[in-house]
Every structure is written in C-alpha cells, then in structure tokens.
Amino acid sequence: MNLLPAFEWLEASPIGVFVKDKAATFAIIEAVHLIALALLGAAVLSADLRLLNVVMRDVPSNSVTDQAHRWFKLALLVLLVTGFFMLAGVATKCYHNPFYWAKMITLGIGIVFVFAIRAPLLRKPHAELRPLTLRLMALASMTIWFIVASSGRWIGFSG
Amino acid sequence: MLNTWLLRIAEWIGATDFSVGLHESYYMYAWIESIHVITLMISLGMLIIIDLRMLGLWLTSVPASKIAERLDRPMLIGFSIMVVTGVLLYLGIPIRTTQSLWFRIKVILLVVAFINAWLFRRHMQQSAGSWDVAAVPPRRTRIAAALSLTLWAAVVMCGRFIAYDWFDCGQDNSAFIDWAAGCVAG
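Protein sequences, first through last, are from chains H and S. Just so you know, we're using the numbering used here here: the first sequence kicks off at 139 and counts up by one. Just so you know, we're using the numbering used here here: the second sequence kicks off at -8 and counts up by one.
Hints were generated in silico from the structure; no laboratory data involved. Don't take each hint at face value.
To be verified - Here are the simulated lysine-lysine pairs, DSS-like style, with alpha carbons at most 27 Å apart:
| hint | chain 1 | residue 1 | chain 2 | residue 2 |
| --- | --- | --- | --- | --- |
| 1 | H | K262 | H | K211 |
| 2 | H | K231 | H | K160 |
| 3 | H | K158 | H | K231 |
| 4 | H | K211 | S | K57 |
| 5 | S | K57 | H | K262 |
Chain S with its partners taken away, still in its complex shape (with noise of 0.2 Å):
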C-alpha cells in the first residue's frame, strides 16, 4: 500500500518538466551530483572533527564543547547544500531511486543518525562542564560519537551503492530483496 502510494507520487515527479529536464541534462545533472559528493568534505569534514575531538584524538588541548560549537555553522550549511542537492538528485531520477534498496536504508540510516545527533547535543548541552576540559570525553560521550562516525560511513556507502543495478526491481531478487526495496507493479 505504501509502496503504491510512494511509486505513484515518484511517477508523479517523473513526469514533471522539471525531472525530465534534469535527468536529461548531462552536465547539470552531473554537476549536482558532484557537488552532492565534495560537499562531503565540509558537512562530514567537520563532523569528523566534532567526533574525533569526542573521542580525545583531535585538538584534545581545545575543550570539546568549543569545538563543536565552533565547526557548527560550516557543518550545517555543509549538510545544507547536502540536503539541497540530495533532494534535486532524487527529482532528477525519482522513480528508479524510490525503488532502490540502498536508498531506503540510507534513508533509515539518516533517521537514526539524526537522532543519535539531537540526543549527544542534549547530553553535551547537560554535562559538558564536567569533562569539557578533559582530553578523552567520558565512555558514553565517547560511543555516542563511535556511532556517530559507523553511522555516517555506511550513509556514505549506501549513497555511492544507489548507482548500482544489483538490486533493481525486475531482476531475479529474491521476495525479501523485492518488499524491501518496495517493488510493486507501476
């Protein structure tokens, strides 16, 4: 039902000038995506420091929290023009990329390191002045950013997967493969 409902709004998209214009232009299409993956080094550049400096291996002799706190605002506009170009890249070809497998879990995956985010700013925001200054964070705060770190190294796999057919509806998947990616009959 779901599935339905998701295929029909991407055949929706599909037929709109502006994703026939976009798949069609090689060059704009391709630069999207470029810019979707160098933009990487600031949304995720800065990320890994925040992280690293959560597992006492970056700038231990900065307190944490000024670290992050610093390398917020490049990390958002970063994820910003992620999201931006993210979202165009998935207009440009909406009804392959809604029935891609790796597309759903990326998106999961995404949902899960959001979360994970939102809950570390809050237990930095209560507890920081205890261990700010401490060169390796307390053990919670130091898996927090472990996670962190897997989360997004598999959001990055899964993304550069999406290009590949290996599990494209109308292949020979098997039935999990075939729910899990979503595919129902257009």
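Only chain H is shown next, with the shape it has when bound in the complex (with noise of 0.2 Å):
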C-alpha cells in the first residue's frame, strides 16, 4: 500500500498550508508540543519510578499510577492533536524520513501497551500483583516513551 498520496494530500491541505504558511505557526506548535511532552514525562515518569520504588516509595502506588494516568491521557492528547498538525505542514518530508516511522510505529505500541495492557493491569491493587511484573512493565513504558521521544527529535536532524 503506498501511502505517499495520502501525505502528499494532508500537506496540500487547508490544514498543512496553514502551518507551513508562516514560520512562527510551526515553531508555536512545536513548542506546545514540547510542553506537553513534560507532562507526558511527568505523568510516566511518576508512575514508573514510583512502580520501581524509586520515588515516592511512602505514597500508595495505586494512587500514583491512578493520578498519573489522568493527566497522561491529557498530553498524549495534546502530543497527537500537536504532532497531526505539525505532520500537516512537513508531511511528504516525514514519509522519507526513517525516524518519522520509527517513531510512529513505537507511539502505536505505546498507545496499545499503555490502554490494553498497563492501565488495566494497575488498576488492580498493586499488592495483588507480582513485584516484576510491575518492574517489567515500568522499565518497558520508560523504554517506549524514550523511544517515541528520542526520534521524534531525531525526525529534524534527519529531515
């Protein structure tokens, strides 16, 4: 299947011309993008430190990874809205780039692992459940969101 048209679409779009238009457009929702990327960082890194008693270690964790999913779901949303129109203004650059389907490819599992599987894992109590599991899948969300992070970065080195 080749999806080059479908990119070539979006960037000739109303939306990809309005943020190719001006050079401030881009650069303002990248830098949201950016912040949300904090509180994704927040969001993960509490749950996850707190799930390998890293951090934290005298607050329930239940309440932690409760807390932190909220406010996850929150930047993962504003990440995707963000990151769709800055995919928008650069589209038919990113189908050429390795790190663009690196990236999406790794957020894909990312948003599977987190909905199907961790979230409804830790809504139970954590007591119940076996120490290396929750240490497993603390280092695996950690490793995904580095991942998802890293070449995201990467995408304009390479572009």
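Once you've looked at the hints, go ahead and assemble the two chains, each given alone in its own frame, into the complex.
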C-alpha cells in the first residue's frame, strides 16, 4: 500500500497550508508539543519511578499511577493534536524520513501497551500483582516513551 | 559596551578547539540537544507534579510538602542535566546564541523562575504546617504555582525559538530588536 498520496494530500490541505504559511505557526505548535512532552514525562516517570520504588516510596502506588494516568491522557491528546498539525506542515518530508516511521511504530506500540495492558493491570491493587511484573512494566513503559521522544527529536535532524 | 564584551567572550569561546569540535561534530551536538530536550520529561516533569499539587490538581490526598520533598531530588537531577547540556549547547554555538533575542529572553525568564522558586520554597517552609494536608492550598500558594508553570512554559518556548533565525543580527530588524538582541559589529 502506497501512503505517499495521503501524505501529499495532507500537506496540500488547508491544515498543511495553515501550518506552513508562517514559520512562527510551526514553531509555536512545536513549543506546545514540547510542553506537553514535559507533562507526559510527569505522568510516565512519576508512575514508573514509583513502581520501581525510586520515588515517593511512602505514597500508595495505586494512587500515584491512577493520578498519573489521568494526566497521561491529557498529555497524549495534546501531543497527538499538535503532532498531527506539525505532520501536516511537513508531511512529504516525514514520509521519506525513517525516524518518523520509527516514532510512529513505537507510538502505536506505546498506545496499545498503555491502554490495553498497563492501565487495566494497574487498576488492580498493586499488592496483588507480582513485584517483578510491576517493575518490568515500568521499565518497558520508560523505554517505549524514551524511544518515541528521541526518535521524534531526530526527525528534525535527519530531514 | 556590555554587548561588545559579551561578543568578545563569545568570539574567544568560539575560536577554541572545544567549541569548534562540538559545533562540527554532527552526532555529538545532536545528542546533546536531544538529551537537553528529553530531560524536560524529568526536570519539568517533576516540577509540573509539584506545581499541580500546589494548585490542588494532582495527588491531593497526599500532603503538599511530602510531594515537594519526595520529588525534589529527581527534579534537581533533571535540572542539573539541563544546565550541563544547556551550557554545552551554548559553547557549541556561542556567537549566534549570545546575539539571540530568544536566548536573552530565556535567560531572564530563568532568573525570574528561580527567584519565584526560591521565594516559594521559603514561603512553604514557613507556612506549610497550616495548609499542608489541604487538598487545595491557599491562594498565595496557587498563584506562585501558576506563575511557575507559566514561566517554565515560556522558557521552553523561547528555548525552541532560539533555533529559528527570525531576528538574527544582520537581518532587516528594527533598531529595538537589534538593541535587545545585542547586535554589535563583530
């Protein structure tokens, strides 16, 4: 399946034109994307580092991960929306960029991992889960989001 | 006068082997920049949790001072990495950064954010006993937290804008922009 026409269409669409029209538009969207990345970091790292017993050891881990998940959803939403706008501005460039695809694949894995595996499991009382499961899940989660964020940064370097 | 001195210092740094090597090493520079960006997730990540707790929006069942104390160390580790990588980024491109309007605004905002954080810490140590367990802290605390979040969002924005050449010296800028960016003849 050739996706290039879809990317070309997106870049020529009113959204693509809007984003490309002024350099400042793209830059502002990019900055909001980064601010949401910090919020995603807050949600992911507070939960994962708690599960690894690195921070907030005396705060119940169930409440840490519950709260973190709420903010995670907000951060992800902002990242997806701003990310889509950024893509629209440089869609054909992204299509030919291996880091864009690396990011999208990891992002897809990350979203499935969070909503299909991680969140349902962490809703249970953590004392009932095996400590190793919790730790491995925290490590997997941090690895996934690190790859998403760093390959995202690298789209700009290799474009 | 000040701008001439700053430019002289930047020119001296820019001529060192270290700065040239950093600038010309594609992967080193890109990695330092990537680490600087990704460490946002630790430094500002922890800061956001503390500030949202102070706004009564995150982990309200836990005493505010407990959150601030427990996340203090990871936050400071994050900020240490930010400072080291930030200084390296400056050393790699000293002249252009010295004359960057956005870099200058960012430095001023950082100073204001640090003063706010310092005052806030003092205020918390003195008065936390009275509102520590409250789900929503008093108005003064919430204003400081909102100010902190706003300042740091602006810092991120200015940091990102440094990469753009909109107001670089030598372009058709207004006299005010040239003055603010510190454009002086090299």
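Here is what the structure says about each hint:
1. H:K262 to H:K211: 19 Å, holds
2. H:K231 to H:K160: 17 Å, holds
3. H:K158 to H:K231: Holds, at roughly 13 Å.
4. H:K211 to S:K57: 25 Å, holds
5. S:K57 to H:K262: Given that 27 Å is the threshold and the Cα spacing comes to 25 Å, the pair holds.
Checked against the numbered hints above, the structure violates none of them.
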